[in-house]
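Input sequences plus hints: build the corresponding full structure.
Chains as they are written, first to last, in this note's numbering: chain X, 635 to 894; chain W, 635 to 894; chain E, 635 to 894.
The hints are simulated quantities; they were obtained by calculation from the structure and are not laboratory data.
Any given hint could be a false lead.
Just so you know, same-sequence chains aren't split out, so a pair can sit in one copy or run between any two.
In silico lysine-lysine, DSSO-like type, Cα no more than 30 Å apart, as pairs [what the hints assert, rightly or not]:
1) 733 with 644
2) 850 with 777
3) 850 with 894
4) 733 with 648
5) 729 with 644
6) 894 with 834
7) 777 with 842
8) 894 with 783
9) 702 with 777
10) 695 with 783
11) 829 with 842
12) 644 with 842
13) 829 with 783
14) 695 with 648
15) 894 with 648
16) 702 with 829
17) 777 with 729
18) 829 with 894
19) 729 with 894
20) 648 with 702
Quantities reported herein were computed from a predicted structural model and do not represent experimental measurements.
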Amino acid sequence: MNYDLNNLPKRTEKPRQYGFTMAMDKGLSLREVEDFIETSGPYTDIVKLGWATSFVTPNLKEKIKLYKEADIPVYFGGTLFEAFIVRNQFDDYRKTIDKYGLEYAEVSDGSIELDHDIKCDFINKLSDQVTVLSEVGSKDDQKIIPPYKWITLMQAELDAGSWKVIGEARESGNVGLFRSSGEVRSGLVEEILTKIPFEKIIWEAPQKAQQVWFIKLLGANVNLGNIAPNEVISLETIRLGLRGDTFTHFIGEDAAIIGK
Amino acid sequence: MNYDLNNLPKRTEKPRQYGFTMAMDKGLSLREVEDFIETSGPYTDIVKLGWATSFVTPNLKEKIKLYKEADIPVYFGGTLFEAFIVRNQFDDYRKTIDKYGLEYAEVSDGSIELDHDIKCDFINKLSDQVTVLSEVGSKDDQKIIPPYKWITLMQAELDAGSWKVIGEARESGNVGLFRSSGEVRSGLVEEILTKIPFEKIIWEAPQKAQQVWFIKLLGANVNLGNIAPNEVISLETIRLGLRGDTFTHFIGEDAAIIGK
Amino acid sequence: MNYDLNNLPKRTEKPRQYGFTMAMDKGLSLREVEDFIETSGPYTDIVKLGWATSFVTPNLKEKIKLYKEADIPVYFGGTLFEAFIVRNQFDDYRKTIDKYGLEYAEVSDGSIELDHDIKCDFINKLSDQVTVLSEVGSKDDQKIIPPYKWITLMQAELDAGSWKVIGEARESGNVGLFRSSGEVRSGLVEEILTKIPFEKIIWEAPQKAQQVWFIKLLGANVNLGNIAPNEVISLETIRLGLRGDTFTHFIGEDAAIIGK
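Have a look at this one:
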């Protein structure tokens, strides 16, 4: 860090098993990737190329190379997996992953109806090839999944070979873990955590209020995902209690009263 | 594209008469223009320098040159036309267009009250000099124009020499075609389309929900405008049914059910 | 400017005592700083490194150097001052300012409870070292400060050595001067201005509607702060009456009626 501040929450360091940040690149240019790595490389643990943006983004090989050189793994968004699956092109998906030299992949069913045994089978197959992240939760705001179901699904996917499971929120943060207003479904999160270890879950939290909520509940080193590249620095300050939103959370309300 | 996906909607190719995307540059630096062209050049058919940002943007000539070299036409936002008109400087406006070597211009009356015959006269005069886009709809959210009036105005402007007409929505997408909430005035759009050919209209749709709405109604190759440069990649995936929002629209709901 | 438009509001020029724009850098890369200076250098009078982003931003010295070479002063956001104070590290804060060669500093109490005499004492001490900006208003939306109190606080801070006082709004513009909806507390602003000279106040106005509101009330040359780097160009057009929002404000409604 650039100067010394006492009494900060201790952050994990790279390579992180928890306390990590998954950022979403939804079409950065090569130079923008370099800029992102310059400012946020130390705080970014993995990058998702959002949904199927990798299909239309020029210079994809070069982009992946830049991230690789910075030791930041890259993977295709889950919607791309689904786009291959509904077209009966799973083998093509596996080849595409290899063609781009990726070491991670996401299995999700946010836009499709996928039998859960079949989903776990995909996880299992892919986990022989790469490290798998799998996502629970629908992009459809009409599909409310009860807490016990989230737990069953997450556990089955971990058992099938997922390295971590992701709680779905979309880029915009208004479905899955969140109400349509963007508010966190807090009872759901607390119940999930009674059964699934918190380091095994990446919470999608694209909006600042959501990031703050998870950090207040689960601490500086909660795994958060779908972070916009230009918000990673901000998130790091929120984790450290150095933005207004979490300023008194770590030092305590009393410490913040001076001379009164 | 970077890999093969079967059964995608067919997109038109450059130079496009329809299915095109008008992006709005509201003050990009030269390097940012280069980055934008790198990622989104193939999907961007024309660039508007938003409202009067061209007045204060440094390096304007160089910026226009970059777009020209990438075969992307550039034009000044309609508010600039209006700024010249209300100052009785129409001749200066024509000279400014020539000074910067532009081949397109916009005629609008979003911020002024302009007699429609006079507006059509401006369109007619400018169409001798450049290709004219003209905009229908007010920036004032109090001015509700009924559907038959939209149609009469659009037809008169096409007759006067407009290449295409633009449905006004502002950068923020909350007036004209849209309610103040950002919701599309759907009856209005459908009625317009009974009379004006859809390739003749560019729908301003800065917000994702609006883009989705138009693509679901009018297909992958609807003309959309006022797209933020860093959202052009996203828009292209929405056109192709490769983002959650239109995922099942093109392949059908049934195709998205697997093993259930 | 790039071409001639008659009858524009007269803008002050650099170095500005009023009519100035404070932009907030919340983690730009070095190249992004260069881009920002290219497009917006002439319209940016001072840059705040938002809250404690300077703690985690790599290449901080180089970033400050770029701004310095462009004659744009830089200072640390007030939350960083508070972070040092609550840790009893005021001397370290002074040294950090010197280490980075900064000539401005902000004293605030947005996230802490700070006795006002002690706050004025900090202002006084720092004003021997650098030019001080001090901020009035809480980041806590539950703390409503009545107008007479805003005036008393602002006057005391100016008397203690503040160069200008800042009206707090946060980056998101929903506390302090603003209701939680983002609407301006207009009675408050008008009452403050009966006592404190308008050139002494920087109004935080991150949202466009707020910028428009202040420009309509106080003219093209009101001091505005917390402007996002990529919105400085837009703000300049709003100041000049060249965006829809203030289009008729400077030229008058009648001038905008043509041929009717």
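Do the hints match the structure? See the list:
1. In the homo-oligomer, the alpha carbons of residue 733 and residue 644 lie at most 30 Å apart only across protomers (25 Å), although the nearest pairing inside one protomer, at 39 Å, exceeds that limit.
2. Taking the closest pair of Cα atoms, residue 850 and residue 777 come within 30 Å of each other both inside a single copy (27 Å) and across two copies (21 Å).
3. Proximity of residue 850 and residue 894 under a CA criterion of 30 Å is satisfied intra-copy only: 26 Å inside one chain copy versus 39 Å between copies.
4. For the identical chains of this complex, residue 733 and residue 648 are neighbours both inside a copy (27 Å) and across copies (28 Å), given an alpha-carbon limit of 30 Å.
5. Proximity of residue 729 to residue 644 under the C-alpha cut-off of 30 Å is restricted to the inter-copy arrangement: shortest distance 24 Å between copies versus 41 Å within a copy.
6. With identical chains, the CA atoms of residue 894 and residue 834 are at most 30 Å apart between copies only, with a shortest distance of 28 Å across copies and 44 Å within one.
7. In this assembly of identical chains, residue 777 and residue 842 lie within 30 Å of each other by CA distance both inside one copy and across copies; the values are 24 Å within and 21 Å between.
8. With identical chains, the CA atoms of residue 894 and residue 783 are at most 30 Å apart between copies only, with a shortest distance of 17 Å across copies and 50 Å within one.
9. Taking the shortest alpha-carbon separations for residue 702 and residue 777, neither the intra-copy value of 37 Å nor the inter-copy value of 48 Å comes in at or below 30 Å.
10. In the homo-oligomer, the alpha carbons of residue 695 and residue 783 never lie at most 30 Å apart, since the shortest distance is 39 Å inside one protomer and 51 Å across protomers.
11. Taking the closest pair of Cα atoms, residue 829 and residue 842 come within 30 Å of each other only inside a single copy of the chain (26 Å); across copies the shortest separation is 37 Å, beyond that limit.
12. In this assembly of identical chains, the alpha carbons of residue 644 and residue 842 lie at most 30 Å apart only when taken from the same copy (21 Å versus 38 Å across copies).
13. Taking identical chains as interchangeable, the C-alpha atoms of residue 829 and residue 783 lie at most 30 Å apart only when both belong to the same chain, with a minimum of 12 Å there against 51 Å between chains.
14. For the identical chains of this complex, residue 695 and residue 648 are neighbours both inside a copy (24 Å) and across copies (24 Å), given an alpha-carbon limit of 30 Å.
15. Taking the closest pair of Cα atoms, residue 894 and residue 648 never come within 30 Å of each other, the shortest separation being 41 Å inside a single copy and 41 Å across copies.
16. With identical chains, the CA atoms of residue 702 and residue 829 are never at most 30 Å apart, being 34 Å at best within one copy and 54 Å at best between copies.
17. Taking identical chains as interchangeable, the C-alpha atoms of residue 777 and residue 729 are never at most 30 Å apart, the minima being 32 Å within one chain and 55 Å between chains.
18. Within a single copy, residue 829 and residue 894 get their C-alpha atoms only as close as 44 Å, which misses the 30 Å cut-off; across copies the closest is 27 Å, which meets it.
19. Taking the closest pair of Cα atoms, residue 729 and residue 894 come within 30 Å of each other only across two copies (27 Å); inside a single copy the shortest separation is 66 Å, beyond that limit.
20. For a Cα distance limit of 30 Å, the shortest separation of residue 648 from residue 702 inside one copy, 14 Å, qualifies, whereas the shortest one across copies, 33 Å, does not.
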